[in-house]
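Chemist: Position one of the sequence shown corresponds to residue 1252 (the working numbering), numbered consecutively onward.
Calculated from the structure, these hints are not laboratory results. We treat Cβ as the ideally placed atom computed from N, Cα and C, and that holds for glycine. You may find that some hints are simply not true.
[Stated by the list, open to error] Distance ranges between label pairs, derived from CB positions:
1. Gln1681 with Lys1399: 40 to 50 Å
2. Thr1435 with Ser1608: 13 to 23 Å
3. His1634 with Gly1687: 31 to 41 Å
[Stated by the list, open to error] Computed list of lysine-lysine pairs in BS3-like fashion (alpha-carbon distance at most 30 Å, straight line):
4. Lys1273 with Lys1258
5. Lys1394 with Lys1628
6. Lys1417 with Lys1258
7. Lys1550 with Lys1618
8. Lys1417 with Lys1394
9. Lys1417 with Lys1260
10. Lys1346 with Lys1618
11. Lys1625 with Lys1363
12. Lys1625 with Lys1260
13. Lys1628 with Lys1399
14. Lys1550 with Lys1345
15. Lys1675 with Lys1625
16. Lys1346 with Lys1399
17. Lys1346 with Lys1625
18. Lys1550 with Lys1273
19. Lys1628 with Lys1345
20. Lys1628 with Lys1675
21. Lys1363 with Lys1260
22. Lys1394 with Lys1260
23. Lys1273 with Lys1417
24. Lys1346 with Lys1675
25. Lys1258 with Lys1625
26. Lys1618 with Lys1628
27. Lys1260 with Lys1273
28. Lys1345 with Lys1258
29. Lys1417 with Lys1675
30. Lys1258 with Lys1363
31. Lys1417 with Lys1399
32. Lys1675 with Lys1273
33. Lys1363 with Lys1346
34. Lys1346 with Lys1260
35. Lys1260 with Lys1550
36. Lys1550 with Lys1417
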Amino acid sequence: CMSCPDKYKQLGTFYRYYTGEKRAPIPTIFVGGNHEASNYLRELFYGGWVAPNIYYMGTSNVIWYGPLRIGGISGIFKTHDYLSGFWERPPFRKKANTSMYHVREFDVEKAKRICGGVDIFVSHDWPEGIERHGDIEQLLRAKPFFRKEVEQGRLGSDANRAVLEKVRPRWWFSAHLHVRFGATLDWASNGSGEYYGPPSGLPSSTGLVEGGSTGDTAAGPSINQDEIVLSDLDDDDSGSGPTSACDNKGESGLRANKRPKLEEDDGQSDAAGAFAVHLPPPANLYHGSTTTQFLALDKCLGRRQYLEIIEIEVPDDGQQQAQPMEYEFYYDPQWLAITKCVHPYMSTTRSPARIPSSTIDNDELSKARAWVDKHIKDFRIPHNFQPTAPAAAPPYARPDARLPRPDRFGNYGSNQRGEKYLYKNPQTMQYCQMLGITDEFTNDDCL
């Protein structure tokens, strides 16, 4: 279920890592973009291993790698899908193939609730306006067709800008626009701490726009002339399309009536034992950063700037004595609490999720954090990768092999038995069980 013209649909070498024939030599973290196997990534909605030593951040996430706190958000920004719920279900028709990788307000609102310092944040889209903090002329010499978007303040993602302004990580890495570009955002020199000027505005499920006005004033995404052309595949702005198999036209898709009752902390929490060995460093090890270093790299092609090695100073927490290659991955306790707290508001239809404002749900978030501290004893991310789908077999296992013709829904790899396109992933099942939430995407009722 990759969204791109048929001429690009050929099997690469990832299956060798998926089957264990090869193994990534260093721990690798990535977020999803707009040309991914979206059905596979949907199995790992909350994040997980796509292959041994290769970790997908999910639609949004915060984790630790040793003493480094790393956040991420997947996908690209599209105004007409921003407020939608996660309605896509198999069989994934063409509209679902594209909307699955569009950023949702739900994930942005989760990310905006991150507190404490973040070392690294990763996105596919650039944050809107970041070019104003780097060498714009050099950027326009490399990509002259960006000039109109730059002049209008529309280059990049409004959603990522909102997250950047809230989280203010030490480093922010992006891709998507196929050019190397660096920038330094000095929050302290901006007086009030504003990014620069008013944002172009995000649509909101409450009718309010982040920029302070009302209505949907968000500009459309900038056009990247170098990326795979999707004009013949992308959906229109009407919001129409196939109805999800889980859509219930008599319900809004909001799950307020299914809200779990969080246990009150009785003051006898035994979470202290969990913090002794298997908890990552505290999130308040330092309180944010006065500057954010931004870096985007080019496509993985010859004579292009697509690889860079950066040394990042890590805070000394007095416990991390291991070498970088010996660090472990940890869940972030605060992010687990955010995920548990907002889960009842998640929409799995086209109706938008309606997460209460931060002034309303602080008490709920505190209860969720108390629940996490009490019930989760080991925050290490388990190395529990398991293949969920049949691996590639000859003749399609050759790197240069073309896939067979798609079925009538535009999908590949189906068979006459009506094979499901979305598999239950043990990693997601284990994650949901750990948090006491339901897997809304791979349960039998939705397939």
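Chemist: Honestly, do His1634 and Gly1687 meet the 31 to 41 Å range at C-beta?
Modeler: Check failed, 23 Å falls outside 31 to 41 Å.
Chemist: CA of Lys1258 to CA of Lys1363, is that 30 Å or under?
Modeler: Given pair Lys1258, Lys1363 is violated - Cα atoms ~39 Å apart, limit 30 Å.
Chemist: Straight-line Cα separation of Lys1417 and Lys1399 no greater than 30 Å?
Modeler: Given that 30 Å is the threshold and the Cα spacing comes to 27 Å, the pair holds.
Chemist: Do the alpha carbons of Lys1394 and Lys1628 lie within 30 Å of each other, as the hint requires?
Modeler: Given that 30 Å is the threshold and the Cα spacing comes to 50 Å, the pair is violated.
Chemist: Hinted pair, alpha-carbon criterion (30 Å max): Lys1363, Lys1346. Please report holds or violated.
Modeler: holds (28 Å)
Chemist: For the pair supplied as a hint, Lys1260 and Lys1550, is the alpha-carbon distance within the 30 Å limit?
Modeler: Measuring from Cα to Cα gives roughly 18 Å; hence the hint holds.
Chemist: Starting from Lys1258, check that the Cα of Lys1625 is at most 30 Å away, please.
Modeler: This hinted pair is violated, its Cα atoms lying about 52 Å apart.
Chemist: The hint says 40 to 50 Å between Gln1681 and Lys1399; measuring C-beta to C-beta, is that right?
Modeler: holds (47 Å)
Chemist: Has the given pair, Lys1417 with Lys1675, been kept, meaning a C-alpha gap of at most 30 Å?
Modeler: violated (34 Å)
Chemist: Are Lys1273 and Lys1258 close enough, with their CA atoms no more than 30 Å apart?
Modeler: Distance ~27 Å between Lys1273 and Lys1258 Cα, so the pair holds.
Chemist: Given the hinted pair Lys1346 and Lys1260, is their Cα-Cα distance within 30 Å?
Modeler: Roughly 17 Å separates the two Cα atoms, so the pair holds.
Chemist: Does Lys1273 sit within 30 Å of Lys1550, going by the straight-line distance between their CA atoms?
Modeler: holds (23 Å)
Of the numbered hints stated above, those contradicted by the structure are hints 2, 3, 5, 6, 7, 9, 10, 12, 13, 17, 19, 21, 23, 25, 29, 30, listed in ascending order.
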